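Enquirer: Now for the letters of each chain:
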Amino acid sequence: MRPLRDAIGVGFREWRTVAVLLVVNWLVALLMVAPSVPVLSAAFGHAPLAAGRPLMSSQLLLGLGPVFAGGGVPSVLAPLVLLVVLQTLVVGGVVWRACAGGPFRLGAFLGQSGRLVWRNARLYLWSLPLLVVALGVPIGLAFGMKAIGLPTLLTLHGEAWLFGRPFTVASVLHLVVLVLAFALWRLCLDVGRVLLFRDDLRIARRAAWRAVRLVVRAPRSVLLYALLGALATLVVILLVRARAMLPEGTAGLALLALAVGQVVVWARLAFQVAGTRFAAGLVEASGGAPPAVEDLTEPPGAERTG
Amino acid sequence: MLALPLALLVGVTPAPPRFDSAGRSIGPPLSDRTASYVIDVRYDPARRHVAGTARLTWTNRSDVPQATLWFHAYWNAFKSSDSTFAREEHRGGGVRSGTNGYGRDDWGWTELRTARLPDGTDVRPTLRWEHPDGADPGDQTVFTLTLPTPVPPHGQVTIDLGWGARVPKLAARTGVLGKYTLFGQWFPKIGVLEVPPQRGVRSPTWNCHQFHATTEFYADFGSYDATLTVPRAMVVGATGVRTGRTENPDGSVTHRFHQDDVIDFAWTAWEGAEEVRDVFRADGLPEVALTLILPRDAARTAPQVLAAAKVTLEHGGRHWLPYPYPHLTLVAPPVGADAESGGMEYPTFVTVYSRIDPGGSRDTLLWEVAIHEVAHSWWQAMVASNEVEEAWLDEGIDTWATTEVMNSVGLGWDFSQLLPRGTGWLLGPLVRSDVPEVAIRPPGTLPRFQSPIARAGWRFKTGSEVGRSTYGRAGAALATLEREVGRETFARIMRTYAERWAFRHPSTDDFLQLASEVSGKDLRPLGNALFRGTSGLDDAVAELRCSPVAPAWGFFDVDGGTPTFRPRGQSGPGGNVRCEVLVERRGDLPLPLEVQLTFADGTTLRQMVPPGEIWSRFTTERPLPGGRVTLAEVHPGSRPPMDTQPVNDARSLDATPGPALTMIGWFLYAGQLLAAAVGSLL
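Heads up: the protein sequence lines correspond to chains A and B, in order.
Under our numbering, residue 306 is the last one in the first sequence; the count climbs by one each step, no gaps.
Under our numbering, residue 1682 is the last one in the second sequence; the count climbs by one each step, no gaps.
Simulated from the structure, these hints should not be mistaken for lab results.
Errors might be hidden in some of the hints.
Unchecked claim - In the DMTMM-like style, the derived pairs of lysine to aspartate or glutamate whose C-alpha atoms are separated by at most 25 Å in a straight line are:
hint : chain 1 : residue 1 : chain 2 : residue 2
1    : A       : Lys146    : B       : Glu1130
2    : B       : Lys1179   : B       : Asp1133
3    : A       : Lys146    : B       : Glu1247
4    : A       : Lys146    : B       : Glu1271
5    : B       : Lys1179   : A       : Asp199
6    : B       : Lys1521   : B       : Asp1414
7    : A       : Lys146    : B       : Asp1297
8    : A       : Lys146    : B       : Asp1588
Claimed, not checked - Under 8 Å between C-beta atoms, here's a sample of chain B residues computed to sit facing chain A:
hint : residue
9    : Ile1026
10   : Gly1027
11   : Val1235
12   : Val1253
13   : Leu1290
14   : Phe1415
15   : Arg1432
16   : Pro1659
17   : Leu1661
18   : Ser1680
Predicted model, so just to flag it, every value in this text is computed and none were measured.
Glycine residues also receive a C-beta, built at the ideal position from the N, C-alpha and C atoms.
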């Protein structure tokens, strides 16, 4: 459990790294919402009949059809494309922070990000076949379970979500298998990124392959990594619920809710950093070499930090 | 036998029944019983096969001899992709998913094998497939039989029909899914010979349409006596009263049902279902036996569905017309069959919803659907409008009726009830709400519609337009009429409509004529605009601005001398304020438009927008500080239900940042969560 504690500790101590990720998150979310802002402001900016109403009301959420009839619906696709680009970019910096430690400097963060961006992009593409294989297991299992009459969330009839009982012993057990398969893939990806950084590997395919071998030889780490993901989900769920319990109706409450929402996202992003740190720990524990790249946290000539 | 003493025990005095315990009317018939059937059918679920005979007794209500009789063979809608139903569905016009996902073994059909007259003549060879709605020559959902001797005016004919059918996979309110089978529109059913002045026809005309993907049904009243033989393990529920149950040596059971004065006969045969029985009793209303058939694991649903049915029977009985039938069967299909067959109305037999885990003691989804379907017992099953050509007369009126019943028991929508079990504690606070029923089905999003409400179902532009027009928009149109005449008068209109048109076939004109007569106000112009036009309504306060009135500047005559220049000045305290209000009519529905301005000193000013104007600007100039217009609103005190965007009916001078920030904040938060979730995949 110690690697888990260490990873979470790093995730929450690396607040500057999380802040960078939050900025990326904000950029994407703002781009999503941007088309709606003028439309919503025009419709509700001087609307006493909507004042004091919560989101779940006929005036607000159920009244959006006519408001958006002339356009202004939030956009999703383009901002998500931007997210892919930005996330691929900053992941190099995140790995650097997870591996190298030391003081945070934005320039160094961006430098590492830029240095590793293409290798990380190639690594991600090389990890996709593993994703297919990893998810193939729970998907195949789902069809097998369906054949013998056991429900899973993947094979459930759509109506079961409304009229039936989607969460059963069988479906939850299958969900656990699905989570483990996903954790396996995600850990391989994180380990591959760490290897790219620490060993300064130029061939992403080699890093991907080494990561798979390393992770497969450490099945306990997959369980711990899945536990880390479950813990992250639990924390986020509790924070989401706390956020949802806030009253609504005034500008002040809306701003308060937005602020609390940042705590939710912050927690999620901190766990993302923790996941990378966990992978770095796994590589270190396997006897991986120290970073072979120039540590950009220190000026040239200074003593390298570990 | 026990009913009377029990009723006395609980202090309820029911009204005398209109039917006996065998479903036969006591006293004169309630309907003209134009088409009556004696049906005998055997269902083999293993082969998905039905074999049946039906003795049809049909009365020619016209003054013209009828040699050619029109029939429906609606299960042929599921025979091939050539049917009108399948073709319309393929174009995306269906209301339910239907045959789109059919595999090789899913198709079904019906085949008329014999049609014998009392003298033994088989008129089956005269069968001809008809296509009254044009197109789709491969469709086989309507056929005619030609008799050697025409049925004389007001005469009767009896035909013994023999048919076989393969049960289709569950689609559009009928068919089989697993161990559950719903039989709707399942036997060779004669069309309706409309006789002047019925529904505006000028001469006797057969009304017998193909089965369309977006329409329901239309039939004459009659008596039905059905003998249904099924495997012993199957629970059976049907239209009418069960009058017999016989166990057969071959392991099958024969059930017998009878009901006078109904327009159709539907039934279900379902292995493994649970059957729950109850009785509706209320002072001054006839007693109604209730049977609920539902999945075993959803038994917790039963009390709620039955309670909703009772509430509707009482409300309808007191406000419209007492429910006269002695029995009502409710069927809640199994999971997987709800979308295709849940929420459907047949006479004394409706399908509803059930949930394994109801969302609380009053699960709105269960209640709303049960209320809506039971209310159809009035609006279509008794007041038997043509669902094919004027669907609003049942769905629109029933939407209004559903709102009435739900309001009477204080039932609104809490979306957290819709969450799956185990997620409520997490997501419940996110979606907790109390939304009134009327807001669930709004009239539309734009103040101009694609089609009139009163239009044949298959002639709407899209399938979803049929639903929007005939439910929410029609309900709002009725509420608009109610606003015109007042709640009390409108209640009188609906009661009179039910009383006068029960067991007959009204049209849109009949409804508007009656509404005008009862209200003493000619509602036909507005009614025609609402139901036959495409005009909508969105009256809005588009602008409200106030500014201090600056002293005039320029050249002015002083003491009759040469004009003298007075420079631009500032208005000091105590000057006037000028306020401008721009009101826009964004729809063409001809309703009077009143505007109310509220001033800072609390006074109000009301003015009418001149008829025909699509915008109007109101200007006021009053002393500061009380003369500032703080609020401008249209339709003060009574918002028109047809208004597509009620929020813009009022505009305040002061900004209201709360709603916009709430919405933007939520969107931003949702975007952030989405980005974080997607980010975890990268």
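Enquirer: Hint by hint, note whether the structure agrees.
Expert: Hint-by-hint comparison with the structure:
1. A:Lys146 with B:Glu1130: Given pair Lys146 (chain A), Glu1130 (chain B) is violated - Cα atoms ~44 Å apart, limit 25 Å.
2. B:Lys1179 with B:Asp1133: 35 Å, violated
3. A:Lys146 with B:Glu1247: Not satisfied, since the Cα-Cα distance of roughly 36 Å exceeds 25 Å.
4. A:Lys146 with B:Glu1271: 21 Å, holds
5. B:Lys1179 with A:Asp199: 62 Å, violated
6. B:Lys1521 with B:Asp1414: 39 Å, violated
7. A:Lys146 with B:Asp1297: Between Lys146 (chain A) and Asp1297 (chain B) the Cα gap is close to 19 Å, so the pair holds against 25 Å.
8. A:Lys146 with B:Asp1588: Violated, at about 55 Å.
9. Ile1026: 40 Å, violated
10. Gly1027: The hint is violated - Gly1027 (chain B) has no Cβ within 8 Å of chain A, the shortest such distance being about 42 Å.
11. Val1235: 19 Å, violated
12. Val1253: 28 Å, violated
13. Leu1290: 21 Å, violated
14. Phe1415: Holds. Min distance 6 Å.
15. Arg1432: OK, holds: Arg1432 (chain B) within 8 Å of chain A, min 7 Å.
16. Pro1659: 4 Å, holds
17. Leu1661: At about 4 Å, which falls below the 8 Å cut-off, the nearest Cβ of chain A leaves the hint on Leu1661 (chain B) intact, so it holds.
18. Ser1680: 6 Å, holds
Checked against the numbered hints above, the structure violates hints 1, 2, 3, 5, 6, 8, 9, 10, 11, 12 and 13; every other hint is satisfied.
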